[in-house]
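Undergrad: Sequence:
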Amino acid sequence: MEGERMVVKMAKTKIMQASRQERPKAERTIDAAVKMLEAGGLVVIPTETSYGIAADATDEAAIRRVFELKERDSAKPFPVIVGDIHAAMEYLELGETAIRLSAAFHPGPLNIIVEKKPAIPDALSTTGVAFRISSNYFANAIAGRLGRPITATSANKSGEPPIYQPYPVRELFGGKVEGIIDTGELLHNPASTVVDSRVSPPLILRQGVITQADILRALG
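In case it helps, the working numbering puts the sequence shown at residues 1 to 220.
There may be inaccurate statements among the hints.
[To be verified] Derived CB-CB ranges, DEER-like:
hint: 1; residue 1: 73; residue 2: 161; range: 11 to 21 Å
hint: 2; residue 1: 168; residue 2: 200; range: 34 to 44 Å
hint: 3; residue 1: 61; residue 2: 216; range: 34 to 44 Å
hint: 4; residue 1: 200; residue 2: 23; range: 36 to 46 Å
hint: 5; residue 1: 23; residue 2: 203; range: 16 to 26 Å
hint: 6; residue 1: 104; residue 2: 189; range: 15 to 25 Å
hint: 7; residue 1: 28; residue 2: 93; range: 28 to 38 Å
hint: 8; residue 1: 190; residue 2: 84; range: 23 to 33 Å
hint: 9; residue 1: 93; residue 2: 185; range: 34 to 44 Å
hint: 10; residue 1: 205; residue 2: 24; range: 36 to 46 Å
hint: 11; residue 1: 24; residue 2: 201; range: 41 to 51 Å
hint: 12; residue 1: 126; residue 2: 90; range: 13 to 23 Å
Since the hints were derived computationally from the structure, they do not count as laboratory data. Backbone N, C-alpha and C define an ideal beta-carbon position, used for all residues, glycine too.
Kindly generate the complete structure, drawing on both the sequences and the hints.
TA: Okay, structure coming up:
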């Protein structure tokens with residue numbers, strides 16, 4: 001989207017404070033977030049690495065909004081979160097390597113690049129898509145209940161550091177997304193590892209907590 005004038009859609013943002021320990025409230029929060037995503041909305045959610053911007057990854061208009069909010073080049077695709085391996089297989093082309101890596105490291109911070117199926121629009125990516133199953137309770141439950149992949153890009157401007165506290169997220173995205181799930185300050189975990197499973201041996205494109213040695217060990 002470089003060279004284009006970006007017009008950010010204004011929204012009434014619902015702030016949803018939630019904790020996994022308060023199960024009834026957590027369930028209501030998850031249901032509300034899923035309804036927003038189903039309606040084409042954007043929701044800032046906690047993940048295992050930082051706060052992230054979730055959109056239905058099959059919704060082209062919602063995906064374009066995320067690119068605009070982050071002021072991100074559309075040639076740099078977002079990773080996605082799926083609820084389980086079955087959802088990944090429904091929307092993505094998983095080879096044997098991707099399936100074995102997912103079994104070894106998911107849920108957890110490993111984004112595995114695979115080819116996409118037609119249900120994932122080119123607005124997200126015209127090449128490969130990186131997916132993971134999140135170990136964060138809210139991120140995993142929202143993707144699972146939606147039944148479709150959700151975007152898993154960090155809730156920040158492109159090139160800026162990840163955000164772990166809810167207040168800066170509110171300042172940055174209040175009035176620009178439909179919902180923000182506030183679970184307090186997140187653990188300052190390293191970024192997820194990104195690995196391309198389409199080549200042999202799999203190629204790490206971004207080093208996180210999971211190393212090349214870990215990946216080769218898992219593949220035997």
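Undergrad: Each hint should be assessed against the structure and marked as holding or not.
TA: Right, here's what the structure says about each hint:
no., hint, verdict
1, 73 x 161: 11 to 21 Å, "18 Å, holds"
2, 168 x 200: 34 to 44 Å, "41 Å, holds"
3, 61 x 216: 34 to 44 Å, "40 Å, holds"
4, 200 x 23: 36 to 46 Å, "44 Å, holds"
5, 23 x 203: 16 to 26 Å, "41 Å, violated"
6, 104 x 189: 15 to 25 Å, "19 Å, holds"
7, 28 x 93: 28 to 38 Å, "36 Å, holds"
8, 190 x 84: 23 to 33 Å, "24 Å, holds"
9, 93 x 185: 34 to 44 Å, "38 Å, holds"
10, 205 x 24: 36 to 46 Å, "41 Å, holds"
11, 24 x 201: 41 to 51 Å, "47 Å, holds"
12, 126 x 90: 13 to 23 Å, "20 Å, holds"
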